[in-house]
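With our numbering applied, the sequence shown corresponds to residues 53 to 170, in that order.
These are calculated hints, taken from the structure and not from any lab test.
This structure is a prediction, so every number in the text was calculated from the model and none was measured.
Check before you lean on any hint, since a few could be wrong.
Quick list of the computed label-pair ranges, beta carbon to beta carbon [unchecked claim]:
| no. | residue 1 | residue 2 | range |
| --- | --- | --- | --- |
| 1 | 155 | 95 | 28 to 34 Å |
| 2 | 106 | 75 | 26 to 32 Å |
| 3 | 147 | 116 | 18 to 24 Å |
| 4 | 80 | 170 | 27 to 33 Å |
| 5 | 139 | 98 | 16 to 22 Å |
| 6 | 147 | 109 | 20 to 26 Å |
| 7 | 105 | 129 | 16 to 22 Å |
| 8 | 141 | 95 | 18 to 24 Å |
| 9 | 145 | 80 | 29 to 35 Å |
| 10 | 167 | 135 | 16 to 22 Å |
| 11 | 108 | 79 | 28 to 34 Å |
| 12 | 111 | 74 | 25 to 31 Å |
| 13 | 170 | 97 | 26 to 32 Å |
| 14 | 116 | 89 | 18 to 24 Å |
Here are the simulated lysine-lysine pairs, DSS-like style, with alpha carbons at most 30 Å apart [stated by the list, open to error]:
| no. | residue 1 | residue 2 |
| --- | --- | --- |
| 15 | 110 | 146 |
| 16 | 162 | 112 |
| 17 | 156 | 111 |
| 18 | 146 | 162 |
| 19 | 146 | 112 |
| 20 | 111 | 146 |
| 21 | 156 | 112 |
| 22 | 156 | 110 |
Even glycine gets a Cβ: it sits at the ideal position worked out from N, Cα and C.
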Amino acid sequence: MYNRNEITLLEEELIQLTAKSSLVTPSENPTLICSVWTRRSYNLDNLIAQLRSIWKTKKKFEILITGQNLFTISFEDEGDLEQILEGHPWFFQKQLIIFDRLTKPVERNKIQLIFSPF
53 MYNRNEITLL
63 EEELIQLTAK
73 SSLVTPSENP
83 TLICSVWTRR
93 SYNLDNLIAQ
103 LRSIWKTKKK
113 FEILITGQNL
123 FTISFEDEGD
133 LEQILEGHPW
143 FFQKQLIIFD
153 RLTKPVERNK
163 IQLIFSPF
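All chains, full assembly: derive it from the sequences and hints.
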């Protein structure tokens with residue numbers, strides 16, 4: 053039975069609500085900001101599993117959701133981050149993944165991931 057005072061949001065809707073004007077901050081470790089260049093929905097767990105399987109990093113990395121189709125990836129090793137950037141382009145389900153280095157806090161609405169070197 054529904055209570056008229058309750059509102060339920062999907063995870064994607066909640067992300068959209070919180071993504072309006074907040075800062076995206078790099079971790080203390082080397083950090084990338086990334087987006088999958090698509091409007092289609094996809095499973096984040098599948099993306100993370102694929103990246104973990106194809107990226108042969110020396111140390112661990114962590115992927116966090118920071119907005120709708122926006123992620124931060126923090127690396128324990130600077131060399132691993134450089135290896136990922138040098139390995140461009142990367143794809144997920146035939147869709148381009150666009151990266152940029154995140155070195156300072158930036159307003160989420162100012163992030164423009166529109167370029168990827170080939």
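How the hints compare with the structure:
{"no.": "1", "hint": "155 with 95: 28 to 34 Å", "verdict": "holds, 30 Å"}
{"no.": "2", "hint": "106 with 75: 26 to 32 Å", "verdict": "holds, 30 Å"}
{"no.": "3", "hint": "147 with 116: 18 to 24 Å", "verdict": "holds, 20 Å"}
{"no.": "4", "hint": "80 with 170: 27 to 33 Å", "verdict": "holds, 31 Å"}
{"no.": "5", "hint": "139 with 98: 16 to 22 Å", "verdict": "holds, 20 Å"}
{"no.": "6", "hint": "147 with 109: 20 to 26 Å", "verdict": "holds, 22 Å"}
{"no.": "7", "hint": "105 with 129: 16 to 22 Å", "verdict": "holds, 18 Å"}
{"no.": "8", "hint": "141 with 95: 18 to 24 Å", "verdict": "holds, 21 Å"}
{"no.": "9", "hint": "145 with 80: 29 to 35 Å", "verdict": "holds, 32 Å"}
{"no.": "10", "hint": "167 with 135: 16 to 22 Å", "verdict": "holds, 20 Å"}
{"no.": "11", "hint": "108 with 79: 28 to 34 Å", "verdict": "violated, 21 Å"}
{"no.": "12", "hint": "111 with 74: 25 to 31 Å", "verdict": "holds, 29 Å"}
{"no.": "13", "hint": "170 with 97: 26 to 32 Å", "verdict": "holds, 28 Å"}
{"no.": "14", "hint": "116 with 89: 18 to 24 Å", "verdict": "holds, 19 Å"}
{"no.": "15", "hint": "110 with 146", "verdict": "holds, 26 Å"}
{"no.": "16", "hint": "162 with 112", "verdict": "holds, 29 Å"}
{"no.": "17", "hint": "156 with 111", "verdict": "holds, 23 Å"}
{"no.": "18", "hint": "146 with 162", "verdict": "holds, 26 Å"}
{"no.": "19", "hint": "146 with 112", "verdict": "holds, 25 Å"}
{"no.": "20", "hint": "111 with 146", "verdict": "holds, 27 Å"}
{"no.": "21", "hint": "156 with 112", "verdict": "holds, 22 Å"}
{"no.": "22", "hint": "156 with 110", "verdict": "holds, 25 Å"}
The structure shown violates just one earlier hint, number 11.
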